[in-house]
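K.L.:
Input sequences plus hints: build the corresponding full structure.
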Amino acid sequence: MHKNSYLIRLSALLIVNLILPSKALAIVIRHDKPADSYLAVKEDFPPLATFYNIGVHGTLIDPEWVLTAAHTVFCLNRGQNIQVGNEMVEVAARYSYPSYELGEEHDLALIRLMRPVLSVQPAKLFRSQDERDKEIWFIGSGGTGTGLTGETISYKDNGGVLRKAQNKIVAVTKSDLRFVFESGQEGLELEGVSGNGDSGGPAYIKENDGYYILGVSSRVDSWFKDVGEYGVKELYTRISTHIDWIDKMMAANELERAKLSSSDGFLQSGMTPENLPKICASISLKPVQ
Numbered sequence: 001m002h003k004n005s006y007l008i009r010l011s012a013l014l015i016v017n018l019i020l021p022s023k024a025l026a027i028v029i030r031h032d033k034p035a036d037s038y039l040a041v042k043e044d045f046p047p048l049a050t051f052y053n054i055g056v057h058g059t060l061i062d063p064e065w066v067l068t069a070a071h072t073v074f075c076l077n078r079g080q081n082i083q084v085g086n087e088m089v090e091v092a093a094r095y096s097y098p099s100y101e102l103g104e105e106h107d108l109a110l111i112r113l114m115r116p117v118l119s120v121q122p123a124k125l126f127r128s129q130d131e132r133d134k135e136i137w138f139i140g141s142g143g144t145g146t147g148l149t150g151e152t153i154s155y156k157d158n159g160g161v162l163r164k165a166q167n168k169i170v171a172v173t174k175s176d177l178r179f180v181f182e183s184g185q186e187g188l189e190l191e192g193v194s195g196n197g198d199s200g201g202p203a204y205i206k207e208n209d210g211y212y213i214l215g216v217s218s219r220v221d222s223w224f225k226d227v228g229e230y231g232v233k234e235l236y237t238r239i240s241t242h243i244d245w246i247d248k249m250m251a252a253n254e255l256e257r258a259k260l261s262s263s264d265g266f267l268q269s270g271m272t273p274e275n276l277p278k279i280c281a282s283i284s285l286k287p288v289q
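According to our numbering, the sequence shown is numbered sequentially starting from 1.
By construction, these hints were calculated from the structure, which means they are not laboratory data. Just to be clear, a hint being listed does not mean it is correct.
To be verified - Under the rule of at most 30 Å between Cα atoms (straight-line distance), these lysine-lysine pairs were calculated in the DSSO-like manner:
#1 LYS168 x LYS206
#2 LYS259 x LYS42
#3 LYS124 x LYS134
#4 LYS134 x LYS248
#5 LYS124 x LYS286
#6 LYS124 x LYS248
#7 LYS124 x LYS233
#8 LYS206 x LYS42
#9 LYS206 x LYS33
#10 LYS174 x LYS134
#11 LYS225 x LYS168
In this text, all values refer to a predicted model and were calculated from it rather than measured experimentally.
P.N.:
The following block contains the structure:
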């Protein structure tokens with residue numbers, strides 16, 4: 001096994017000549033706790049956005065803005081449908097952090113919506129830089145498994161069931177928050193980690209005045225560990241050190257936004273400009289008739 005110094009959470013997406021996840025992990029849980037304890041509903045984190053029928057998420061941070069990871073945006077073109085709460089809404093534009101390179105630091109993007117979502121209270125941005133040792137929640141949909149086995153149920157078999165899990169921020173860098181999937185007494189009561197289908201999802205806490213997002217699901221950085229195994233180290237893009245960019249982008253006009261961001265689609269392995277339309281059509285969310 002090699003070091004997963006970079007793991008696109010959508011990298012195992014080849015199936016029947018289309019790029020779809022053969023193993024699209026969602027929340028991976030402890031083996032020694034009831035699986036039902038991890039089940040979640042939309043009300044557990046109302047600002048959650050879902051981009052594709054394979055999962056992949058973002059967070060509503062303003063009625064017209066969703067925050068996510070830059071490596072998720074390959075199909076988020078103008079007119080693409082995403083879901084926020086119980087609403088389907090179209091993408092107006094996407095903007096990624098200007099210095100981001102696929103698999104590296106600063107894995108962050110903003111999605112502007114065609115219209116405001118007023119049925120959901122947006123999450124607040126965590127602006128303090130005292131994240132270390134905080135206990136947070138992850139949430140996402142897709143396949144599942146335990147720390148002993150990794151994924152054992154594919155996203156198709158899971159059928160989009162939401163799960164949530166706890167974890168603790170063990171270290172911070174300028175770009176990222178670091179988590180470790182601990183077992184036994186070292187782990188929290190509902191310890192878990194995110195996986196491939198949870199790309200762009202939040203690390204969040206709930207306070208009296210609402211939900212706060214501290215990080216965005218980005219990648220794994222571990223020696224000899226697969227996604228979801230006990231001991232695996234996960235990196236989430238740190239919100240507090242990217243606040244200036246987020247604020248400037250939302251306040252800017254379109255010309256200024258173009259100068260402050262990247263328009264790269266960050267195509268995953270196996271994706272080409274030629275096959276991307278077919279891929280996007282296959283994983284897109286369809287409006288409810």
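K.L.:
Each of the hints needs a verdict: does it hold here or not?
P.N.:
Each hint, compared with the structure:
1. LYS168 x LYS206: Given pair LYS168, LYS206 holds - Cα atoms ~15 Å apart, limit 30 Å.
2. LYS259 x LYS42: violated (35 Å)
3. LYS124 x LYS134: Holds, because 16 Å separates the two Cα atoms, which is no more than 30 Å.
4. LYS134 x LYS248: Distance of about 27 Å is within 30 Å: holds.
5. LYS124 x LYS286: holds (28 Å)
6. LYS124 x LYS248: It holds: about 16 Å lies between the C-alpha atoms, which stays within 30 Å.
7. LYS124 x LYS233: Cα-Cα ~26 Å, so holds.
8. LYS206 x LYS42: holds (14 Å)
9. LYS206 x LYS33: holds (23 Å)
10. LYS174 x LYS134: holds (17 Å)
11. LYS225 x LYS168: The given pair, whose Cα atoms are some 19 Å apart, holds under the 30 Å limit.
Violated hint for the displayed structure: number 2, the only one.
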